[in-house]
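Engineer: The hints should help you fit chain C onto chain L, whose structure is shown.
Spelled out, the chains give:
2 protein chains.
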Amino acid sequence: MKKRQEQKTDSLRGCVHLVGAGPGDPELITVRGRRLIENCGALVYDALVNAEMLNWARPDCRCIFVGKQPGQRCATQESIGDLLVALASEGLEVVRLKGGDPFVFGRGGEEAQRLQAAGVPFTVVPAVTAALAAGAFAGIPLTHREHSSAVTFVSGHEDPRKGESTINWEVLARSGSTLCLYMAVGRLGAIAQRLQAAGLPGSTPACAVQWAGTSRQKSVVGTLGNLSFRVAAAGLSSPAIIVIGEVVSLQQTLSWFSPENGADHAQDHLPPLELPLADC
Amino acid sequence: MKKRQEQKTDSLRGCVHLVGAGPGDPELITVRGRRLIENCGALVYDALVNAEMLNWARPDCRCIFVGKQPGQRCATQESIGDLLVALASEGLEVVRLKGGDPFVFGRGGEEAQRLQAAGVPFTVVPAVTAALAAGAFAGIPLTHREHSSAVTFVSGHEDPRKGESTINWEVLARSGSTLCLYMAVGRLGAIAQRLQAAGLPGSTPACAVQWAGTSRQKSVVGTLGNLSFRVAAAGLSSPAIIVIGEVVSLQQTLSWFSPENGADHAQDHLPPLELPLADC
Numbered sequence: 000m001k002k003r004q005e006q007k008t009d010s011l012r013g014c015v016h017l018v019g020a021g022p023g024d025p026e027l028i029t030v031r032g033r034r035l036i037e038n039c040g041a042l043v044y045d046a047l048v049n050a051e052m053l054n055w056a057r058p059d060c061r062c063i064f065v066g067k068q069p070g071q072r073c074a075t076q077e078s079i080g081d082l083l084v085a086l087a088s089e090g091l092e093v094v095r096l097k098g099g100d101p102f103v104f105g106r107g108g109e110e111a112q113r114l115q116a117a118g119v120p121f122t123v124v125p126a127v128t129a130a131l132a133a134g135a136f137a138g139i140p141l142t143h144r145e146h147s148s149a150v151t152f153v154s155g156h157e158d159p160r161k162g163e164s165t166i167n168w169e170v171l172a173r174s175g176s177t178l179c180l181y182m183a184v185g186r187l188g189a190i191a192q193r194l195q196a197a198g199l200p201g202s203t204p205a206c207a208v209q210w211a212g213t214s215r216q217k218s219v220v221g222t223l224g225n226l227s228f229r230v231a232a233a234g235l236s237s238p239a240i241i242v243i244g245e246v247v248s249l250q251q252t253l254s255w256f257s258p259e260n261g262a263d264h265a266q267d268h269l270p271p272l273e274l275p276l277a278d279c
Numbered sequence: 000m001k002k003r004q005e006q007k008t009d010s011l012r013g014c015v016h017l018v019g020a021g022p023g024d025p026e027l028i029t030v031r032g033r034r035l036i037e038n039c040g041a042l043v044y045d046a047l048v049n050a051e052m053l054n055w056a057r058p059d060c061r062c063i064f065v066g067k068q069p070g071q072r073c074a075t076q077e078s079i080g081d082l083l084v085a086l087a088s089e090g091l092e093v094v095r096l097k098g099g100d101p102f103v104f105g106r107g108g109e110e111a112q113r114l115q116a117a118g119v120p121f122t123v124v125p126a127v128t129a130a131l132a133a134g135a136f137a138g139i140p141l142t143h144r145e146h147s148s149a150v151t152f153v154s155g156h157e158d159p160r161k162g163e164s165t166i167n168w169e170v171l172a173r174s175g176s177t178l179c180l181y182m183a184v185g186r187l188g189a190i191a192q193r194l195q196a197a198g199l200p201g202s203t204p205a206c207a208v209q210w211a212g213t214s215r216q217k218s219v220v221g222t223l224g225n226l227s228f229r230v231a232a233a234g235l236s237s238p239a240i241i242v243i244g245e246v247v248s249l250q251q252t253l254s255w256f257s258p259e260n261g262a263d264h265a266q267d268h269l270p271p272l273e274l275p276l277a278d279c
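Chains L and C are the protein sequences, given in the same order.
Number 256 in numbering that gives the first Met the number 0 belongs to position 257 of the first sequence; there are no gaps in the numbering.
Number 181 in numbering that gives the first Met the number 0 belongs to position 182 of the second sequence; there are no gaps in the numbering.
The following block holds chain L by itself, in its conformation from the complex (with noise of 0.2 Å):
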């Protein structure tokens, strides 16, 4: 601890903490990324990011959005990194916060990756995933003695009819690992349609949890085979995870979350972007 604020003394360099802010209800986020926040004199936050915590920062703290919202163009990557730069550069200790964990489908590496080439110090606090989460709020345990010895967490947000998806879909039908697919609510069909013909049988159990831990979640029981139509019945949409295996065949009984006692999560307001925009 004494060194690091002999750091902070000796250099009129800023700093960036990549926050992970955790799943949506404030009382997940890590004591240490309360603690940063309550610190820091900017704060660049995300759209999954629970408004209240907002709330917690010092009055002179300069706070700023640059989220991604669903079918509207979004502050670029690239302009992002740069306001990084340029409010560590003036001096202040900066708190980047990103929904979930910063190095799980976060961009964190990316932009650690640019403050790294801009000589920029930063550190990482992790944080809970949205999978972990949805795992604890719908009572699925993502691995458990008689079930299962693993879990994959997986990105939905590439087409999987596209020739170039990374994703050995094939590969994962058969690993007998739990899968939690993030982003993958609206190609949903299409990669149960994909599991399935790899060999991962229509009868697997799967959920879909939306807004985990929090007054508005919602989650939708089913199998690979009948989920998105459930899902769509449902009006189920982004953000959600999509947890596949034996394991949630458990809910039934370990359900014990009651959204009525979840956090508010409210984001009917977000501010206006600052930034250069793309579409997203």
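Check the hints yourself; a few may be wrong.
Any copy, or any two copies together, can satisfy a pair, since identical chains are not distinguished.
[Said to hold, decoys possible] Calculated cross-link-like contacts (lysine to any residue; reagent style SDA-like; alpha-carbon spacing at most 25 Å): (1) 67 <-> 40; (2) 217 <-> 231; (3) 67 <-> 275; (4) 217 <-> 122; (5) 67 <-> 145.
Just so you know, these hints were derived from the structure itself, not from any lab.
Structural biologist: Structure of chain C alone, referenced to chain L:
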């Protein structure tokens, strides 16, 4: 919140919170986890939990150690379940504090099943699982748009040379997913051989990270082919996470953490067990 309080007042029955303590640094527990520890009437904790967290508990809180220590006899899973049910039946609010996340290789699922069967109300508080901390503090983005769109957490506890292993290492070797091995240090040589035999190149970057984020953090970088020798040469032991995949190469530029700035994680004076013992 109102509803939850009413439930408590209405019933003499206690409840159990299955709380993940995170990877070791006490600041990496969630805000909710810390609050529940501060308020509970009984705290049942594991060997991997940072002893500093016990200081957060009320003076009248009953703190009970049920941890596993390598090479020693430990409390049986059944006796831990009995204890949780008994404490809740006394009307206590119980925190069952487990290293990492309760639903990732933590037997949290089994404890939840036991509580459910006994009619004891429970909640689950997710946490930073060890692999997320290893990535954050070793400077390894577990996913990255240019390298990997999936990450798999897999138990290395089973002997891969035994026939009864439920893990399909051959399939995992071809998945293109970043692999994070838990509890694998003792079997790393055999696992690495099996992954290579299945086609994962011996030149694949690989890294072992012990006690991530604490003053005791040690990491060893190498390749799938040579990591087990380097780990042995460095004297690195459990608990550690092994990360295998192209993303490990990013560690060369993104490594930012100095253990001398990390939190202490003293474990020298674990208390005696008071429960029936088994070989573990």
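Engineer: Where does the structure disagree with the numbered hints, that is, which hint numbers, in rising order?
Structural biologist: Violated hints: none at all, because every hint is consistent with the structure.
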